[in-house]
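**Q** Sequence:
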Amino acid sequence: MDSDTAQDDHITEAILSGSTYERLRYERHSYFRQTVPRTLALQSAFLGLLAILLPMYGLFPESVAQFLPAADPEVASPKVLLLGVFGGLLEVLGAVLLVATAAYRVRRAPLTEAQAHAALDTEDFARYVGLGTGGLAILLTVCLFAIGLGGESAVASYVATAGANPYAPSGFDLSVGTVSLAGFVASVLVFYAGSYFAVRIALERIRQRGADV
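Residue numbers for the sequence shown follow my numbering, beginning at 355 and rising by one.
The set of hints was computed from the structure by calculation and includes no laboratory data. The model shown is predicted, which means the values in this text are computed figures rather than measured ones. Some hints here could point you the wrong way.
Stated by the list, open to error - The following label-pair restraints were derived from C-beta to C-beta distances:
{"#": "1", "residue 1": "V513", "residue 2": "Y546", "range": "35 to 45 Å"}
{"#": "2", "residue 1": "V542", "residue 2": "H471", "range": "24 to 34 Å"}
{"#": "3", "residue 1": "G525", "residue 2": "L413", "range": "34 to 44 Å"}
Ideal Cβ positions, reconstructed from N, Cα and C, are used throughout, including at glycine.
Could you build all of it, start to finish, from the sequences and the hints given here?
**A** Structure below.
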C-alpha cells in the first residue's frame, strides 16, 4: 500500500511540476518506465554479467573439455559467446541513446511538447533494445555457460536435446577473456554515466523550480 501511495505521489508531483517531459512520461504507456539514470544502472548490471563469463568458464570441470574449443578462456571462443556479444552491443547501443537523450534534455530544458515526445520515443526504443533484447540475450548466455558447470552429463544432455553444442568453436577471434573484460569496462562506464546524469537531471529540476518561484 505504501509503495502504491509513493508511486501516486511521484505521478502527482510530475504532473504538477510543470515539466512537459515528466508529465508525458507518466501519461504514455510503456513496459519500461524507469528513469534514464535507473535504466543505465540496470544496463550496467547486465553488462557486468558478461564479466562473470570468464570465471564461469574457468570453473568448468575437466570432463567438459571434450565439448570446448580450448581449455584456456583467454583463447577459447565458443559459439554461445556470440550471443553474449550481441546482447552486449545492444546494451551499449541503448546506453549511448539514453546518454544522448539525457544530455539533450539537460541542454534544451525546458523541453517543448514536441521535443519531449522525441526524447521519450528515443528512450523507449533504447530501453526495448537494451533492457529487452540485449538483456535477454545476456541472460541466455549466462544460463548456457552455467550448463557447463554441471559437468559432462549436463552438457551431454543439453546437446542431445538441442542437437547442437553451444561450446563449439565460433570461428571468430573473440575470446571469453576479451568479452568479459569488455563487458566489465562497459559496465563501469555506463554506471558512471547513469550516476552523472542522475545528478545533472536533479540539479536541472531544482533550477527549474527556482526559476518558477
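**Q** Next, verify each hint and record whether it holds.
**A** Structure-based check of each hint:
The beta-carbon spacing between V513 and Y546, approximately 41 Å, falls within the hinted interval of 35 to 45 Å. Take V542 and H471: their Cβ atoms lie about 32 Å apart, and the range 24 to 34 Å holds. Under the hint 34 to 44 Å, the C-beta atoms of G525 and L413, about 25 Å apart, miss the expected range.
Violation of the numbered hints given earlier is confined to hint 3; every other hint is satisfied by the structure.
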